[in-house]
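> Listed here are the chains, written in short residue letters.
There are 2 protein chains.
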Amino acid sequence: MRLAELSERSGVPIPTIKYYLRERLLPPGHRISATQAEYGEGHLRRLRLVRALIQVGRMPVATAREVLAAVTDDSLDPHVRLGAAVWAIPHGPEPDGDDPATDTARRTADALLEQLGWRFAQGTGEQSPAYRMVVSGIATMVRLGYPCDVGQLLPYARSAAELAVADLDLVERYERGEEQVEAAVALTVLYEPVLLGLRRLAQAEESNRRFG
Amino acid sequence: MRLAELSERSGVPIPTIKYYLRERLLPPGHRISATQAEYGEGHLRRLRLVRALIQVGRMPVATAREVLAAVTDDSLDPHVRLGAAVWAIPHGPEPDGDDPATDTARRTADALLEQLGWRFAQGTGEQSPAYRMVVSGIATMVRLGYPCDVGQLLPYARSAAELAVADLDLVERYERGEEQVEAAVALTVLYEPVLLGLRRLAQAEESNRRFG
Chain A
1 MRLAELSERS GVPIPTIKYY LRERLLPPGH RISATQAEYG EGHLRRLRLV
51 RALIQVGRMP VATAREVLAA VTDDSLDPHV RLGAAVWAIP HGPEPDGDDP
101 ATDTARRTAD ALLEQLGWRF AQGTGEQSPA YRMVVSGIAT MVRLGYPCDV
151 GQLLPYARSA AELAVADLDL VERYERGEEQ VEAAVALTVL YEPVLLGLRR
201 LAQAEESNRR FG
Chain B
1 MRLAELSERS GVPIPTIKYY LRERLLPPGH RISATQAEYG EGHLRRLRLV
51 RALIQVGRMP VATAREVLAA VTDDSLDPHV RLGAAVWAIP HGPEPDGDDP
101 ATDTARRTAD ALLEQLGWRF AQGTGEQSPA YRMVVSGIAT MVRLGYPCDV
151 GQLLPYARSA AELAVADLDL VERYERGEEQ VEAAVALTVL YEPVLLGLRR
201 LAQAEESNRR FG
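Taken in sequence, the protein lines are chains A and B.
Going by full-length UniProt numbering, 113 is the number at position 113 of the first sequence; the sequence numbering is gapless.
Going by full-length UniProt numbering, 138 is the number at position 138 of the second sequence; the sequence numbering is gapless.
Bound conformation, chain A alone (with noise of 0.2 Å):
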């Protein structure tokens, strides 16, 4: 297809396409003219994969060209790509070093994902981001006086592993290999928001059922 149709399939006008094509987000089309190249369903994807990344993970440009990186690099499987494609998706804030309430929130986080038996969350421990964003979220209740303990904390990671099999469910609709961790990178930073508004939602239903 011609840049004019991948603009309308996609979604993104064409002044932004070329903008990724310039900074190398989206590799460049197959030429077939002076002034004319021709794109595939590749293209649209991985254009889609941007989108997502840059308007809705609001990453900057340098994030998203190291997450594509990891999505494309053919030298990992693709359990592990997909890992470290999800990896390289920001975080948001780092745990405090060693003051005392992190200290504790690693013991929360530790207790809870022995508790649970998830023994890969286990193995990797502090060297992944979403172990350290879940320290840092737990240090922050401790720190405020919120009790915030393995007992609390187990409904909501029961929850997360519900969310996880239909995550990956959505994942394995996709044929395997570069598609599917395209599509499993796009779908976790799409899911967060209205995954959100749906909690949300659901407290108010919830809310007025008790106290309504």
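These aren't lab readings, by the way, just hints derived from the structure by calculation.
A quick note: this is a predicted structure, and the numbers were derived from the prediction, not measured.
Please note: incorrect hints may appear among the correct ones.
To be verified - If you want a taste of the chain A side facing chain B, the calculated C-beta under 7 Å gives, among others:
1. Met-1
2. Leu-3
3. Glu-5
4. Ala-160
5. Glu-206
Unchecked claim - Pairwise CB distance ranges (calculated):
6. Gly-212(B) - Thr-35(A): 46 to 52 Å
7. Ser-33(B) - Arg-210(A): 41 to 47 Å
8. Val-165(B) - Ser-75(A): 29 to 35 Å
9. Glu-126(B) - Gly-40(A): 35 to 41 Å
10. Leu-154(A) - Gly-151(B): 25 to 31 Å
11. Thr-35(A) - Glu-94(B): 37 to 43 Å
12. Glu-8(B) - Asp-98(A): 17 to 23 Å
13. Asp-77(B) - Arg-173(A): 42 to 48 Å
To be verified - Residues of chain A placed beyond 12 Å of chain B at every Cβ, according to the derived structure:
14. Pro-15
15. Lys-18
16. Thr-35
17. Arg-65
18. Arg-143
Quick reminder that beta carbons are idealized off the backbone N, C-alpha and C, glycines included.
Using the hints provided, position chain B relative to the given structure of chain A.
For chain B alone, coordinates are given in the frame of chain A:
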């Protein structure tokens, strides 16, 4: 307690507390001399909430003041107050007027709420920031050409409903009234990064189970 103890127990530095007092995010203490004031447990709770809104919710001071106004409005009953306070929390991007993707997203969201039987959410509809947040998220997926229908959203909504039960159970640990509304707002904001982090840990776990 004195200012120093309030700072120690909340983990918030004294100059920051003085700033919140000047900005009226925190009610003044009970003056006991020309230079000293006494603060109570209510100040401690309010301070934790302010900190959660500004530091974790990344809210501008003016928005935090608006949320707090809803928290402390005695003319509203607890359920309405809770709703008003949570509604005042920023919800991310608004839907894009009435482009075709937003129309599709609105129909999808309505069909989802209908299928879930969430009557309260259906009643508030377009007026609810959480509803608009969901519509905006679905519209982004539609615009980028990712499939996003009711069947795909249902497991996320069901998890959201389970999360809301956990959320409201936490809120009910507090005494009724202002304290409960404060906890609801703080926990809504504080659990968001923890939940997103747990989802990514669970994804890695599930990905390892399927492809590892």
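> All hints are to be evaluated individually against the structure, with a verdict given for each.
Consistency of the hints with the structure:
1. Met-1: violated, 13 Å
2. Leu-3: violated, 17 Å
3. Glu-5: violated, 13 Å
4. Ala-160: holds, 4 Å
5. Glu-206: For Glu-206(A), the interface hint holds, since the closest Cβ of chain B sits about 4 Å away, which is under 7 Å.
6. Gly-212(B) - Thr-35(A): 46 to 52 Å: The hinted range 46 to 52 Å holds for Gly-212(B) and Thr-35(A), with Cβ atoms some 47 Å apart.
7. Ser-33(B) - Arg-210(A): 41 to 47 Å: holds, 45 Å
8. Val-165(B) - Ser-75(A): 29 to 35 Å: violated, 45 Å
9. Glu-126(B) - Gly-40(A): 35 to 41 Å: holds, 40 Å
10. Leu-154(A) - Gly-151(B): 25 to 31 Å: holds, 28 Å
11. Thr-35(A) - Glu-94(B): 37 to 43 Å: About 39 Å separates the Cβ atoms of Thr-35(A) and Glu-94(B), which means 37 to 43 Å holds.
12. Glu-8(B) - Asp-98(A): 17 to 23 Å: holds, 19 Å
13. Asp-77(B) - Arg-173(A): 42 to 48 Å: holds, 45 Å
14. Pro-15: Fine: 17 Å to the nearest Cβ keeps Pro-15(A) off the interface.
15. Lys-18: holds, 18 Å
16. Thr-35: Holds: least Cβ distance 27 Å, greater than 12 Å.
17. Arg-65: holds, 19 Å
18. Arg-143: violated, 4 Å
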